[in-house]
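Just need the whole structure built from these sequences, with the hints factored in.
The listed protein sequences correspond, in order, to chains A and B. Numbering-wise (numbering that gives the first Met the number 0), the first sequence opens with residue 0 and increments by one. Numbering-wise (numbering that gives the first Met the number 0), the second sequence opens with residue 0 and increments by one.
Watch out, some of these pointers could steer you wrong.
As the list claims (entries may be wrong) - Estimated spans, in silico, between C-beta atoms of each pair: (1) V73(B) with D174(A): 19 to 29 Å; (2) D174(A) with K156(B): 34 to 44 Å; (3) E171(A) with T111(B): 48 to 58 Å; (4) I168(A) with N161(B): 53 to 63 Å; (5) P103(B) with D174(A): 31 to 41 Å; (6) N33(A) with N203(B): 51 to 61 Å.
These are calculated hints, taken from the structure and not from any lab test. As the structure is a prediction and not an experimental result, all values here were calculated from the model. Don't be surprised by glycine CBs; every beta carbon is placed ideally from N, CA and C.
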Amino acid sequence: MRCLRIRYTKRGKIRFIGHRDVARIWERTLRKANIPVLYSQGFSPHPRISFGLALPTGFESEAEYVDIYLGEEFFMNDFDSKSIQQDIDRALPVGMDALGIGIVSTSEDSLQEAVDACIWEVRVSGVSIEEFKKIRDEMFSSDSLNIERERKGKLLVEDVRGQVHSMDITEEHGDGVTILTELGTKPRVLRPTDLLKRINSELRTVRVLRKEQLTLQGNQRIEPLSIELHPAAPTEVLA
Amino acid sequence: MILPEHSPEKASWLLIYPDTYEIGLPNQGLQILYEILNERSDSVAERSYAPWVDMSREMRKRKIPLFSVDTHRVAAEFDILAFNLSAELVYTNLLECLDLSDVPFYSKDRNTQDPIVIAGGHCTYNPEPFADFIDVAVLGDGEEVVGEISEIVSNWKSKSENEMDRSGLLEELAGLPGVYVPSLYETTFSDGRLISISPKLGKNTNDLIEKRTISDLAAWPYPKNQLVPLTEVVHDRLNVEIFRGCTRGCRFCQAGMITRPVRERPREQIVSMVEKGLKRTGYDEVSLTSLSSADFSGIENVISEVMTQDSCSPVSLSLPSLRVDAFTVDTASQMQQARRTGLTFAPEAGTWRLRQVINKLISDDDLFAAVESAYSQGWRRVKLYFLIGLPTETDQDTLGIVDLSEKTLEIGRKYHKNPSVTVSVGGFVPKPGTPFQWFGQNTEKELLRKIYLLRDAAKKIRGLKLKWHDSRATVVEGILSRGDRRLAPVLEKVWKEGGVFQEWSEHFNIDLWRNAMEEEGLSIEDFAYRHREEDEVLPWDHLSAGLHKDFLWQDWRDALNNQGLEDCRWTPCYDCGACTGYGIEHVVASAVPPAGGSQGTGIASIQDNGIMVSISKSETTESLEFLGVNE
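Here you go:
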């Protein structure tokens, strides 16, 4: 069986909408766009769609993915990826844009399994560029970085040093910096907010944006969609 | 998404539903007016809801005033703050919203710069408890009158500042039919009783304010663009109003009395509203709303047209109010094509005798036939709704509730191993504008005694689950339902002590109300429990929903004689006043009542259970749910 995999954004005010509500938005969007999604069997049938790594509520993203389960006839001759993307994009609410679509086989890894790392853009305040460089370099020069995390009611101490692949400063502001950081998602997602709080409790994160979700193959970084993106213009949203 | 556009010439309205966004957003009345006002060239409307307590705490800490959800515009910058009031327990939230908006509580303290505070909704048939806080109350259908108000306010805004006279504006508004300006009326009390309410000396205003009624629902196919919230709300589905008004004549039901006559929407319009609405919103559920949906002429055809719609996914249908005698095997099987929603039937009273008193003329057999249809079509759970504390009620009537429920379960056992019946019991609150407006409400103690009676009897029955409404909340509803202007300081005190969101069990606090009543020297007995006398001045005597007071009094006497009254849609007119007074008529496509049931006049409801689940509170109190039914 094959799925339609859609890359979409979650920007602006809609970042405050939780994961469950985003799932419901997708259900309505597919009906509006007339996409004949398959339904589960049973007493209370639901459309079969699945999401990748959940985005924490309040974070923005340019790289969210959803898999839509469809019958094989959907992918027949008149399958037109561009117009399907347009229909979906039009049906999505403000702040959510369909950036691209691809076709994946359900026998491939699930989205969650396929993704090894995320690139995050984080706006940090309460720190000068020099101070931040020092804090970052200290982190990179140490061999371990233990973080306490709660899992199933138990407190775990985990070394996440290996999950911090990179961290670059991209912009300097009056009251802080913007950074771009690649963080591993295995065995468990490392949130940029948790990381920054751990390396220096004074750091305040103002805005977090997921830029990419990636599969790592040797030195290659591969996007979960194999086809080219048709980027949508960013939308002005009341924050 | 189109954002409302402001301009200096437009009258700007902030439509406020004084409860949470999740409860308020689906409100159809508010959405209808929102669209109409934004379509006009002389008005613009935005929306706001009551911020939950954690949010209002933060707002006060950071000095953020109440603002609109559409463009985040500050409430006090609007020309009009219009509140939708549909239940008594939200009155203190009106004050909370005014306080957060930094608008003075009392109408007399507001000046030219302050917004005009308007109230609409069913509670305006007795606005006296909150009359001092509002500038204007609007009675009845709002579709036409909001335009007339906009015209006056927009003209007023074009005047120079020294020409602007707030009291002049209010007097001008009072000239519109259906508009009540409380500050133009004077109340006189003697020996703790209201003895008169009449226009102040020298004020040119009406002695009697008549409600507004739109005669043709087809002319108002709203909402055309139902709002689709991004977060989950109650009634989260497409809602299409199929008719307005109800003449079944249930004597406890305020909605059925004040919204007469019956006005059906043409069938083709309903079907097209459903089709367009589903395509536009992406919803997979549609509700055909009215006060008694099966009474719509040819409802079966509408149901089948809706269910056979061309769509790539299954659509489910809910009918919020459907008579038990219309709920057949056929309807049941049609409705469960998509998702199976919960079923609620509302016999309201446990015995046929008491159902004649309240004029809910469905027999035991009608109910049993309906539950048989449900169970046989695969439903395992059925919910039954009853009122306690009805006029002439005896313990035999009360226990009849358990008896009916037990028989319902027995029918269920024919089809399922473990059928269940959930019985919800609400305390009856007499409402203004109904034949029961003279009835002294049961005391808190008496209601509690009846609840225990039911609890003990229900205990022994497997599969029977009993839920009840907090009888203390019923008391407060009773005080406010038929209260007068002496309650303004009570509301203010309760608000001051933190008594907001009183319809939410986690916030309801009876002590705040008891203390405030005592401090004001007012007795709960007098406001809630006392039978009113025939010649007594009622606080809403100057406001009319069209029904003659002597018609209501006669209906009250008939009730006490166990005398039912048939639906006037299909029988000769009783001259209640609702049609003749306004020169309008019922708009019904069929001249005969729907077939089925013992009388062809039974009423009960079947409704989707979504709301009850999503706002479920503690096991014993579900105030919102009951407030809705009890109105």
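### Message
Tell me the hint numbers this structure goes against, listed in increasing order.
### Response
none
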